[in-house]
Each structure stands twice: as structure tokens, then as C-alpha cells.
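> Required output: the full structure, derived from the provided sequences and hints.
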Amino acid sequence: QYVPVKGDHVIGIVTAKAGDVFKLDVGGSEPASLSYLAFEGATKRNRPNVQVGDLIYGQFLVANKDMEPEMVCIDSSGKSSGMGIIGQDGFLFKVSLGLIRKLLAPKCEIIQELSQLYPFELVLGMNGRIWVKAKTVQQTLIIVNILEASEYMTAEQRRQALAKLSGN
Amino acid sequence: MAGEVKSKLSKNLLRMKFMQRGLDSQTKKQLEEEEKKIISEEHWYLDVPDLKEKESCIIEERSFVRCEDLVYGRMSFKGFNPEIEKLMIQMNSKCKEEEIEVDDKMEADVSDEEMARRYETLVGTIGKKFLRKRDQRVLKDDDEDDEVDEDRNSNIIPRKKAKKIFLKPQD
Chain A
1 QYVPVKGDHV IGIVTAKAGD VFKLDVGGSE PASLSYLAFE GATKRNRPNV QVGDLIYGQF
61 LVANKDMEPE MVCIDSSGKS SGMGIIGQDG FLFKVSLGLI RKLLAPKCEI IQELSQLYPF
121 ELVLGMNGRI WVKAKTVQQT LIIVNILEAS EYMTAEQRRQ ALAKLSGN
Chain B
1 MAGEVKSKLS KNLLRMKFMQ RGLDSQTKKQ LEEEEKKIIS EEHWYLDVPD LKEKESCIIE
61 ERSFVRCEDL VYGRMSFKGF NPEIEKLMIQ MNSKCKEEEI EVDDKMEADV SDEEMARRYE
121 TLVGTIGKKF LRKRDQRVLK DDDEDDEVDE DRNSNIIPRK KAKKIFLKPQ D
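Protein sequences, first through last, are from chains A and B.
Using the UniProt record's numbering, read the first sequence as starting at 1 and increasing by one per residue.
Using the UniProt record's numbering, read the second sequence as starting at 1 and increasing by one per residue.
Don't read these hints as lab results, they were simulated from the structure.
This one's a predicted model, so the numbers in the text were calculated from it and none came from an experiment.
For glycine and all other residues, C-beta sits at the position ideal for the given N, C-alpha and C.
Hints are not guaranteed to be accurate.
For the chain B half of the interface with chain A, some residues (derived, Cβ under 8 Å), not all of them [what the hints assert, rightly or not]: (1) Arg62; (2) Ser63; (3) Leu70; (4) Gly73; (5) Met75; (6) Pro82; (7) Ile84; (8) Leu87; (9) Thr125; (10) Phe130; (11) Lys133; (12) Phe166.
Across the chosen pairs, the derived CB separations fall in these ranges [claimed, not checked]: (13) B:Met115 / A:Glu148: 33 to 41 Å; (14) A:Glu156 / B:Glu85: 26 to 34 Å; (15) B:His43 / A:Leu37: 40 to 48 Å; (16) B:Ser56 / A:Gly41: 38 to 46 Å; (17) B:Asp112 / A:Lys164: 30 to 38 Å; (18) A:Ser166 / B:Ser93: 27 to 35 Å.
Spelled out as C-alpha cells, the structure:
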């Protein structure tokens with residue numbers, strides 16, 4: 001179970017739109033709120049195009065046990081720096097929090113080995129959610145399976161699996 | 001008469017701002033001290049010796065990102081999303097830069113000398129733009145005089161510049 005922490009980058013799913021505020025499901029005990037002004041270049045006239053069911057990569061502005069967590073897609077200097085709506089296609093799946101920690105470590109072998117295979121895009125949320133997008137559906141699914149399985153595989157097994165794939 | 005009036009005024013009235021303006025600093029200080037005394041007597045306090053506040057060596061950190069120096073969560077490989085690849089380089093170099101003090105000057109496209117030269121002429125040309133017509137004419141004359149001086153070395157007779165004076169119309 002994920003506990004929202006201030007400053008953490010997470011992937012949220014928009015569940016409701018209540019006027020000027022979106023409700024996001026982040027896998028915590030409460031849905032987080034996200035104001036439509038918290039995007040780069042958003043003004044009252046210029047609203048971001050967010051629909052229910054969209055994926056959003058943002059960070060927590062406020063996250064304590066007494067209040068509903070609040071998210072923003074903009075950093076302290078006003079730039080989006082990669083946050084915001086995650087584009088079309090791609091595949092979202094859940095893993096354990098420990099795996100995310102491993103994957104985000106500075107020199108993660110899993111990520112390095114995967115990056116040698118083929119071009120793809122990856123977004124890791126600290127709430128245990130990973131979004132993957134590659135050129136074909138098959139490639140995407142391969143990456144998903146490797147990431148999920150890498151939690152329990154040893155390094156050797158992983159290399160074998162990747163060698164088989166790169167041979168294909 | 002004034003003394004009597006003062007003693008009959010209530011304390012609250014004396015504490016008001018408009019009354020205080022007339023007072024000199026000493027009486028003001030006295031009043032303040034009296035007030036403080038009243039307050040401190042009413043306040044309850046612990047009759048316990050002050051405990052020394054220890055500097056806590058414990059910081060509570062709830063995010064893993066700081067503990068393990070985690071990388072930014074958005075990544076792209078083999079040029080799938082060039083903007084994110086640029087971001088990756090930015091974010092990850094930011095982390096390293098924090099440790100190393102970046103003190104080098106940016107390599108300038110234009111050298112300092114050239115800048116100085118350009119500035120010299122720039123100030124002149126823009127300054128000329130804002131001169132009044134009379135001053136412009138003076139400038140022109142000066143320039144031509146200068147040219148004439150240089151020409152002397154190459155043995156050219158300096159020509160006399162006709163001074164522009166008012167010519168009376170010949171009847």
C-alpha cells in the first residue's frame with residue numbers, strides 16, 4: 001500500500017472532474033486532488049485537456065496524514081519538467097514498491113539491459129505504477145513481462161531471458 | 001492644575017496612544033516595566049530547572065528518493081522520445097552538479113576584446129542618432145577637419161572650409 005509523501009513523483013489516474021479540480025487515484029488511501037492551474041502554461045482561459053481516465057505524472061505538493069493529498073504537475077520554478085498528462089497508448093501496470101526502488105537506483109542493471117533491446121519509453125511512479133510504451137504491442141508486452149518477472153529472477157536468469165529475446 | 005488632571009485620568013486612558021505621544025521616553029519605559037511586572041506575577045511558571053535542549057540528530061525522511069539517491073522516474077531509451085531524453089540528461093546532471101561547484105565561465109561566442117571594440121563604436125553611433133541637427137553638423141565638421149589633418153602628411157593643400165555665415169541678400 002502506498003503512502004503519499006511530499007515531493008514524490010507518481011502516476012495517477014483521473015477518476016473525476018469536479019469543477020476546477022481533478023480527483024486522481026494514486027493507489028493510496030485517499031484520492032489526490034489536482035488543480036487545473038497546476039500545469040505549465042495553464043491559465044483560467046487556457047485549460048489543460050484532461051479527461052476522466054487519463055494518466056498523469058505529477059508530484060505531491062501536500063501529503064500528510066491529516067489532509068487529502070494534493071498534486072501538481074509543475075515544479076517550484078514553474079516548469080513542467082516531464083510532468084503532466086502521459087500520452088496515448090502504452091501500458092500501465094502495478095508492481096511492488098520495492099521493485100520501483102530497485103529500478104530507480106542510480107545504476108540499475110535491469111534498466112540498462114532493457115535499454116539495449118529496443119527503443120521504448122518508461123515512466124515509473126513511486127506509487128508502484130509503471131507505464132511502458134514501445135513501437136509495437138508485442139515489444140511493450142515483452143518489457144512489461146520482464147519488469148514484472150525481474151522482481152523474482154536472479155541476474156543470471158534475467159540475462160538468459162534477454163539473450164533469448166535479442167536473438168529473436 | 002495640569003498635575004491634578006493627570007492623576008485623575010485612569011490608567012487605561014494613559015496607556016492609549018494619543019496620551020503616550022506627549023510622554024518622554026523615561027516615563028514610557030517606566031510604564032512598560034510596570035506592565036511587565038503585573039503580567040509576570042499572574043503568569044504561572046514551572047518551578048523546574050530548565051532542561052537543556054539537545055540537538056536532535058534524527059531527521060525524519062519519508063521519501064525513498066532522498067535516501068537512495070533515486071533517479072528521475074521518466075525515462076526514454078534509444079531515442080523513443082527525444083524530449084524526455086534531454087530531460088534525463090538535465091535531471092541526472094543536476095544531481096551531480098550539486099556536489100561539484102560549477103565555477104567555469106561559459107565559453108563566449110564573442111571574445112571580450114571584440115565586445116569592447118564593438119561597444120566603443122556602438123555607443124558612438126547610437127549617440128549620434130540622438131544629437132540635435134546643430135550638433136550633428138558640428139560633428140561632421142570635426143570629422144572633416146580630422147581628415148584634413150591626416151592628409152597634410154601626404155602633402156595635400158588643406159582646403160579652407162567656408163564658414164557658413166549669414167549672407168545678406170544683395171539688393
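> Give a verdict on every hint.
How the hints compare with the structure:
Interface restraint check for arginine 62 (chain B): the shortest CB-CB distance to chain A comes to about 5 Å, inside 8 Å, so the restraint holds. Checking serine 63 (chain B) against chain A by beta carbon gives a least distance of about 4 Å; that is within 8 Å, so the hint holds. Interface hint status for leucine 70 (chain B): upheld, as the beta-carbon distance to the closest one in chain A is roughly 4 Å, under 8 Å. Checking glycine 73 (chain B) against chain A by beta carbon gives a least distance of about 4 Å; that is within 8 Å, so the hint holds.
With a least beta-carbon distance of about 5 Å to chain A, the hint placing methionine 75 (chain B) at the interface is held under the 8 Å criterion. Below 8 Å, beta-carbon pairs count as interface contacts, and proline 82 (chain B) has none with chain A, the closest being about 11 Å; its hint is therefore violated. Satisfaction of the interface hint for isoleucine 84 (chain B) is found here, the shortest Cβ-Cβ separation to chain A being roughly 6 Å, below the 8 Å cut-off. For the restraint placing leucine 87 (chain B) at the interface with chain A, the shortest Cβ-Cβ distance is roughly 5 Å, inside the 8 Å limit, so the hint holds.
A distance limit of 8 Å between C-beta atoms decides the matter here; for threonine 125 (chain B) the minimum to chain A is near 39 Å, and the interface restraint is violated. Taking 8 Å as the C-beta cut-off, the interface hint given for phenylalanine 130 (chain B) is violated, the closest approach to chain A being about 39 Å. The criterion of a C-beta within 8 Å of any C-beta in chain A is not met by lysine 133 (chain B), whose closest approach is roughly 49 Å, and the hint is violated. The interface hint given for phenylalanine 166 (chain B) is broken, as the beta carbon of that residue sits about 65 Å from the closest beta carbon of chain A, more than 8 Å.
About 58 Å separates the C-beta atoms of methionine 115 (chain B) and glutamate 148 (chain A), a value inconsistent with the hinted range of 33 to 41 Å. In this structure the supplied range 26 to 34 Å holds for glutamate 156 (chain A) paired with glutamate 85 (chain B), their Cβ-Cβ distance being about 30 Å. Checked against the given bound of 40 to 48 Å, the beta carbons of histidine 43 (chain B) and leucine 37 (chain A), roughly 47 Å apart, stay inside it. A hinted range of 38 to 46 Å holds for the C-beta pair serine 56 (chain B) and glycine 41 (chain A), which are about 42 Å apart.
For the hinted restraint 30 to 38 Å between aspartate 112 (chain B) and lysine 164 (chain A), the CB-CB distance of approximately 60 Å leaves it violated. With their beta carbons about 30 Å apart, serine 166 (chain A) and serine 93 (chain B) fall inside the hinted range of 27 to 35 Å.
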